[in-house]
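So the sequence lines, in the order shown, correspond to chains V and P. Going by the UniProt record's numbering, the first residue of the first sequence is number 1, and it counts up by one from there. Going by the UniProt record's numbering, the first residue of the second sequence is number 1, and it counts up by one from there.
FYI, nobody ran anything at the bench for these hints, they're computed from the structure. Hints should not be assumed to be uniformly reliable.
[What the hints assert, rightly or not] Residues from chain V shown here face chain P by an in silico Cβ test under 8 Å; the list is partial: (1) PHE215; (2) SER224; (3) GLN613; (4) ILE635; (5) PHE643; (6) LEU646.
[Stated by the list, open to error] Simulated DEER-style distance windows between Cβ atoms: (7) P:LYS116 to V:LYS584: 20 to 30 Å; (8) P:LYS116 to V:LYS657: 35 to 45 Å; (9) V:SER544 to P:ASP79: 41 to 51 Å.
[Unchecked claim] In the BS3-like style, the derived pairs of lysine-lysine whose C-alpha atoms are separated by at most 27 Å in a straight line are: (10) V:LYS219 to P:LYS68; (11) P:LYS8 to V:LYS227; (12) V:LYS213 to P:LYS83; (13) V:LYS219 to P:LYS80; (14) V:LYS284 to V:LYS629.
Here a beta-carbon is modelled for each residue, glycine too, at the ideal position from N, C-alpha and C.
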Amino acid sequence: MEKTEKQMSIHSDPGQNYLNRRKFFKLLGGGLAVVFVSNDLLSLASNRTFIPIPENQIGAWVHVGEDGIITVFTGKTEVGQNIRTSLAQVVAEELQVSLDSVRLVMADTDLVPNDFGTVGSRSTPQMGAQLRKASAAARHELIRVAAAVWKTDPDTLVADGGFVSDPTNKNKMSYGQLSGGKRLLVPISDATKVIPIAERKISGTSVPKVNIKSFLTGKHKYVSDMKVTGMVYGKILRPPAYKSELIDADTSAAKAIPGVIIVQEGGFIGVTANDPWTAAKAIKVIHANWKTSPQKARSELFEHLKNTGDPGRSSGIQGDLSKGLREADHKHKASYQVDYIAHVPLEPRAAIAFWEQGKLTVYTGTQRPFGVRDTLAGLFNIPKEMVRVIVPDTGSAYGGKHSGEAAEEAAKLSKAVGKPVKLVWTREEEFTWAYFRPAGVIEINSGVRKDGTITAWDFHNYNSGPAAIATPYTVANQQNLFHPADTPLKQGSYRGLASTANVFARESHMGDLARMLEMDQLDFRLKNLKEPRFKAVLEAAAKSFGWGARKKSPGNGFGIATGFDKGGYVATCAEVSIINNRVKVIRITEAFECGAIVNPAHLHNQIMGSIVQGLGGALFEAVDFAGGKILNPSISSYRVPRFSDLPEIEIVMIDRKDLPSAGAGEAPIIGVAPAIRNAILDATGIGLTALPLIPDGKVADNVSG
Amino acid sequence: MVLTINGKSVTVNAGPDSDLLTVLREELDLTGTKYGCGEAACGACMVLIDGSATPSCVTRINSLEGKKIETIEGLEKNDKLHKVQEAFLKTDPFQCSYCASGMIIATVSLLSRNPKPTDAQIVDVMNRNICRCGTYANIIKAIKLAASS
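Model the full structure from these sequences, guided by the hints.
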């Protein structure tokens, strides 16, 4: 029901993080707002003078303005996954308007509902679904208002192109006219009816990236491109190694440079200057003494992870492992190692911070704007409402920008110098002071019968994580256990995170077992899988690749792998060519299914990007370190995939219109490494057990599987 | 120093051994040219110097007197996109797009020397540019479209 301003006035208590409706409409002007809250909360409204809507009940807002412009408020961030475009598609579809009448306000903690962050491939399945419902609710409300005006049955009216019309006569009103002059707040529920899949015309199509022209003309402002009035440039003094303690520092030479201000708080030393060259020069002339401590080197890594591994929390053993091993005709025990790798987002961490009347505002590129807001509030001991974090569309993240280090540093400097401070990390800082994808050791002990039945599967992952650890194959006797361990380097999220390690080990091991059985790699997998979605991707990839049908050239090998993560099923086939031990990946075929496809071209890009990024971790990327120092902190010493690494890539996208859409930024990466590894096995009989597989481009003669 | 940037003479205050990238971005507010690595290893900072794609991060401005510098901002003329930008617009190849300026500049330079490059020639020249989102195959499509238009 339509509610009046008096009935709906929302209790505003800054300490409680309630939606402040008055502020909301003040910001937007009148119009129709749709919030995703439970009906229970709004039903209280008719009896009370305020509705307390806790922030965590609100996923997103959709607002239809008096000018007909549709504005969406979401806490998700655009970091290259083109979510701004796919969310706009969903909203335009449900409101039956063109894409250019939809605006997305994203990731500004003062304007958008609280959001956990752009993590775990959740934006499409959760935010997409919420916005679809919110937009549908807005459409229903606009139709209801029109029906009330025309005193007719809402079911006979049509919403299209920003108008509601009555096909039986000439009645027609724009969304702006219908929502104008009112302050409507409409709840939605799970029962809100959305447009049936078969009738969708915008989502499911390849519309171009929103604002694409601004990116192609250099006009888009990433944080590192922004400037604010009165801004100075910051730079931080970095210790020579991790876990260093500052003994003393002589800053007199830096202080003597005109315009330089030194900020020192305990072990933290930074400078500000009027230009970036002066700031860099000032840092260089600070003479500091540090106390360093011995730390593990990469050469000791895997032993260290194994030795410090926690006994682990088992979800329980299924069946009886020793019985399973006794029943096996073939047994196989192997250990796999996965190095740390770096995200290398092309835009390094950057922030601009300023303080106004005790309130901190920070522009920064992070996947977790509210998380960074909370961290900053804690750091300065101020209420969360006194921190505003704004994330402009950012130069990529891949799970590597969950944190706000540059934001914290810029805010500290700004507070001390009383001016806005811009801080952009160098590539070396990004390599050294961010965090890495975890390294890991995985041990598998398995048994298999001659007919291909897997009788035992004992799987232990040390340090890399539990994602996708459970085997999708049918095994009567099994255990899948994650052992947290002491990590010498700072580690965190990454595209696919631990599922890459777990799927690499599992699918490598499956490759070995099939070979022991002299069974076809595809047949062995299909025999042991029950889930039809797995079978569908495997069969689709195999068919497109020509598995079993295509002849191998001498020296070439074929490999296959499959996996499931975060709602996406993937199967990857690889062909390698090996000449004089030099390995070249010449072909990758990948089938991917993540439910109903929202934007085919952008999904294709996500899969392609995952495959290409996956090549790096599979073949040559590894972080080298010793004594608390990163030894390859540059793009010239840490190799990432380039044009010349690009194999022929075939992508098969399976569109399951009957299933909800899942995210696609992560799962397509997981099959790449094991498919290549199994292709090398096929070509040479060598079963590699470590990622990266061929850091120097070659497979050695003396490695055995 | 006086530099010729996007067809205009521009006086800059930065010292003669300053890197062109920072001069463009911080002094002249031409921020379309990006920082990626600082060692001419990623291509994000490429500009055209006398028509040739050059990493601006390792280029000192004292080497540029009398040379023609063109940045991504200078490609669009009279509100009309350069044909390379037009081809990238039609192809929609990018994800985060941070590498876009460097890729487009490198393509303009490539096609000015070799209007109909083969795939192998494209890979050879473009190998200096990194797209960390991994959209290389799409970028090649865009380059071919630009070459054919």
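* Index of numbered hints that the structure contradicts, given in increasing order -> none
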